[in-house]
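Undergrad: Residue numbers (the working numbering), protein chains in the order written: chain A, 1 to 517; chain B, 518 to 811; chain C, 812 to 1135.
None of these hints come from the bench; they were simulated from the model. A portion of the hints provided could be inaccurate.
[Claimed, not checked] Listed next, the in silico DSS-like pairs over lysine-lysine satisfying Cα-Cα at most 25 Å (straight line):
no.: 1; chain 1: A; residue 1: Lys104; chain 2: C; residue 2: Lys895
no.: 2; chain 1: B; residue 1: Lys630; chain 2: C; residue 2: Lys1128
no.: 3; chain 1: C; residue 1: Lys979; chain 2: A; residue 2: Lys281
no.: 4; chain 1: B; residue 1: Lys529; chain 2: C; residue 2: Lys942
no.: 5; chain 1: B; residue 1: Lys577; chain 2: A; residue 2: Lys193
no.: 6; chain 1: C; residue 1: Lys993; chain 2: A; residue 2: Lys250
no.: 7; chain 1: B; residue 1: Lys655; chain 2: A; residue 2: Lys343
no.: 8; chain 1: C; residue 1: Lys843; chain 2: B; residue 2: Lys707
no.: 9; chain 1: A; residue 1: Lys465; chain 2: C; residue 2: Lys895
no.: 10; chain 1: A; residue 1: Lys64; chain 2: B; residue 2: Lys661
All values derive from a computational prediction rather than experimental measurement.
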Amino acid sequence: MKRTISIMMTLILAIVCIGSTFAQGAKPVTIEMWYGAAITEAGPPPDDWVVYKILREKYGIELKITAEPSNENDQDVKILAAAAANQLPDLFMVRRDPWQTLIKQGLVAPVNDMYPLMPNRAENHFNADSIAFSTIRGKSYGFAFPGSLQRNEGLVIRKDWLDKLGLKMPTTLDELYDVCYAFTFKDPDGNGKNDTYGYGAFVELFDQEQYLGRRFEPIMAAFGVAGTWNMTEKNFGLNAKKPEFFEALKFVNKMVENKVVDPDWPSLKKDDFRAAWKQGKFGVMREQMAALAAQANYAPFDKNFPNGEWAALPPPKGPKGLAATGIYDANYRIYAVSPKAIKAGKKEAIAKFLDWMASDEGYKLIGWGVEGVNYSIDANGDITDKNVPADTKFSSPKGQTVTQLRNMVFYNSALELGARYPYYTTANGRRIGPMPYLKTFQSYPWINVTGAGTIAPSPNNADLKRFINQGVQEFVLGKTALTKENFDAFVAQMDKLGAAAWEKAARAQMDENGYLK
Amino acid sequence: MKSSIRLTKSDKFFHFLVNTSLFVILAIFVIPIWSTITLSFRPNTFIGSALDGMLLAPWKWSTSAYEALLGHRAFLTSTFNSFRIFFQGVATALFLTVPLAYILSIKTLPGRKLLYGIVIIPYLFNVGLIPNYLLVAKLGLMDKLAAVYLPGAISVYNTLIMKSFFEGISEELKESARIDGASEITVLLKIILPLSKPILLTIGLYYGVHFWNDFFNAMLYLNDSALQPLPILLRNILLSSGMNEYVEVNAFGEAPIAAIKAASVLLAAIPMLIAYPFIQRYFVKGTMLGSVKG
Amino acid sequence: MIGGNSMTSPTTTIAPARAGRTGGSGLWKNIKRHKSVYLLASISLTYFVIFKYVPIWNAQIAFKDFMALDGVLGSPWVGLQNFKDFVNSYYFWELIRNTVMYSIGKMIFSIPAAIFLSVTLYECRIFFLRKSVQTLAYLPHFLSWVIMYAILLAILSPSNGIVNDVIKLFGGEPISFLTDAKAFPWIVILSDMWKEMGWSAIIFLAALMGIDPSLFEAATVEGASAWQRVRYITLPSIRPVIVMVFLLRLGTILDAGFNQIFMLYSLPVYSVADIIDTWIYRQGLLEFRFGLATAVGLFKGVFGLILIVVSNRLIRKHTDSGLY
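With these hints in hand, go ahead and build the complete structure from the sequences.
TA: Take a look at the structure:
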């Protein structure tokens, strides 16, 4: 009897063991991902990150992540070089231009059949607009994650300077010019030194904001030539070729020649520009709401100028009454999947991974960290960084390492905005925060150029862009005389370099997709 | 040393010129370097021109930039990686370069011209990124520290400089050894190398600095964050751009960005700065003197 | 040559004697005698073949339309199309002009500056001065161009830079150096000189350290002045190194310093700042046209090769030193 029992026990034990190994079934799938870090310099998540554990235990996924370089050019180089050697990872973030090149080379896989596998993402992330954004001729070549808030920038002006000089908020371009002139020459900060300027800017070019770049868009918009492309049905084409563009350049040239623009603007980089306004160098600029008013960013300015105040400025009207802060279009970040990953059968694992990230558990873990360690929930149900240890709260340098993937789960929900942009008190007792600026900026007029982002680049892209942008700069800086003749010659040469052909091809593409209004 | 003969007027003028030139050169170097140092200690509340910045009193300096960097976990890991790359790289480079430089210096070697040609050609034909990337990938060096230094482990420029040095070593010494029946390897090890301290240290330093500062190879070939060396971290700090949308938090707390940039560059340069004075000692004049006379 | 024997050429007295002994089957015997040498260098040569020549083989993509999925061998041939695209591009002549201008400008300024620095350091007898210059002069080499850009901006900014402050003091108009097409090339050349002068001087200093001091003693005994000493002993002793450095730089004349230009240039000065490598970065790399990028690399190589061969021949004719 005893013997039978022990045999049976052994058998049961054996069956259980074998059964459990079968139940754990599939070997772990390794997913290699190159991601866009939320803040690259803060460093990657620690090796014992709870997310790795959960993925390994729940789904049998071994996640290996690499942060892409923070500089966009470096990102492109890394991705394109890896692509050339067919060494792209399973999942990777890629900017639009290189992405289109990779599609042509067959180095990114269509993912249409993965969307149904991600129910958590269907509503807030990969909705119809997102899928449309990444679809070319019926195939979606990547996942378009919602990007940052749209229309979150605006013109702001030093209200304390206006008050000191007894001026009113400018409403037209000419009034703006006069205010800038006063800011430059009438010592608005009262320190007896001639060290202030009216308008501050730097050259910040984006795919859809070429020529003088984003920081000059409010001025260009007043002439109706904001953005790279004019996306109206009647007047489609490159803005740089329009007669109104000539007028806009003349206005900016006037500002530059009369020194009402910070003269460093052509050679500044973004950090220098931001350092400059924190040191009170100029009084009017276009800035992003969090870069301006989030506590960490505002603090240095606050310390230097306790009574300084930036007020939102509605975009000034141009000669024909037009006004806008600039252009906007659908803003998504693309993560593409390599064909090698699909061939290796990782499709389901990747989908599961992405889907889990957007589940309630994943959303909080990846967005803010662990409750009680990195964040806490306050009385209103909002997420905050109070009541947790100072060195692990999600806004601390250590805390930021566990939220590096938050770009992949955020979709600008109310929860997020409340947590990211809390209010605070300034040195002189005002209660401010980024949110009021955001609401105001979003209420101002903007020009919608959705669809322009899909325009295929011209074959002579690099040289053409350089020619146009360089020419524009030379006009504005007075190195080439801004006469009608010179401008017409400039446009003619543009066409010779392929601008006319590009416009035709772009027009056909836009008509095909019905983007022009 | 030069004998202490009374200096002529022209000699006095000569030395006056030498010293004045050096003073001017000193000033030219001090000013920008001082500007960088003061930039790295600049507090967040500073307003003023660059000149004011350079004259800022030391008690007003803020160490927040250095604190932020040195307390950064990634900073310590990447420094460690950089040291590994440095030592492994220099050892590998010297191990490969010395024999090559030596055989090129042997004037009686048959096929010398051919060898020379083989060495010079790649120097000119820098074929660029992709052909090299393809090779590194094929060799399985992706995500290995060696990918940073191995492709550059023999620099033709350094090889030729070393060869030039070897050629200058007294031919009589080499000949006497050969006549005694020593093989070339013995000549190299027993005679040439002991006399080559200056050049080995110089070239070793050239290689070392190059590997230490490399970010391009590291960026392309190292994906594992545990392997990334200092320049990658620095470059991310120095050139962070529009990607970081979450501008509401500063990865480095209170220090102004400009100070962080300056501090990071100075910190990256420090190991080299410490190493150089030690190596300088070895550039002793008259190293050759003893061997020829003796 | 570096070392004490520059005045005599001992090899000429020894070599013929040896050659005489080997006779008819000389070559083979010669090789056999040197076999330990070949053995010695075999590892280095293997490395060389792998790491320098395989990429050259990969560089055949210069003649192809490179498709990543097809790899080096599978991509289709396009003959000289990539080269034609480069030479016929809109900015071709401007790129060549700028590239050569910067290379030659840097050579003309940097090499003499490094020599000057090394000789003055060598001759200086004030310990403190010599030590501090030596220490400070090599420091900028370690500064990346990113921080150099910040330094230059602080010095040259038209609104609050030091140089312009001084200009304004004298009643002048501030100059925006970094965006002025006339000033920009000077900024490039001078800042490169500042950065590399001390570091380049190291190699000349090492050569100077190797000069046999007895030569100097002999000269002083014969009543030579300091100037004469420098002119007739110091400089000629390091001439081979100077020539070699000069020739090597000549061979890479079409590499004008990508990192520097990339950090410092901006649209207003593209016409004098864009060099071959920055153009290749935009046109070749960012547009995934690797065949084109590689083709330009080969173009540069051929150009450099021709230059070296011609100049080495010229220099050989007039002096007894050269690259080979």
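Undergrad: Given the hint that A/Lys465 pairs with C/Lys895, does the C-alpha gap stay at or below 25 Å?
TA: 21 Å, holds
Undergrad: Verify the proposed pairing of B/Lys577 with A/Lys193, using a straight-line Cα cut of 25 Å.
TA: 23 Å, holds
Undergrad: Against the 25 Å threshold, does the CA-CA distance of B/Lys529 and C/Lys942 hold or violate the hint?
TA: With Cα atoms ~21 Å apart, B/Lys529 and C/Lys942 stay inside 25 Å; holds.
Undergrad: Within a Cα-Cα threshold of 25 Å, do A/Lys104 and C/Lys895 meet the stated pairing?
TA: 23 Å, holds
Undergrad: Decide if the proposed pair is consistent with the structure: A/Lys64 and B/Lys661, CA atoms, cutoff 25 Å inclusive.
TA: The given pair, whose Cα atoms are some 16 Å apart, holds under the 25 Å limit.
Undergrad: Take a quick look at whether B/Lys655 and A/Lys343 sit within 25 Å of each other, Cα to Cα.
TA: Cα-Cα ~20 Å, so holds.
Undergrad: CA of B/Lys630 to CA of C/Lys1128, is that 25 Å or under?
TA: Holds: B/Lys630 and C/Lys1128 sit about 18 Å apart, inside 25 Å.
Undergrad: Is the hinted pair C/Lys843 and B/Lys707 satisfied, with a Cα-Cα distance of at most 25 Å?
TA: 21 Å, holds
Undergrad: So if I understand the rule, the pair passes when the alpha-carbon distance is 25 Å or less; does C/Lys993 with A/Lys250 pass?
TA: 24 Å, holds
Undergrad: Under the criterion that the straight-line Cα-Cα distance not exceed 25 Å, is the pair C/Lys979, A/Lys281 satisfied?
TA: The hint holds at about 18 Å.
Violation of the numbered hints given earlier is absent; every hint is satisfied by the structure.
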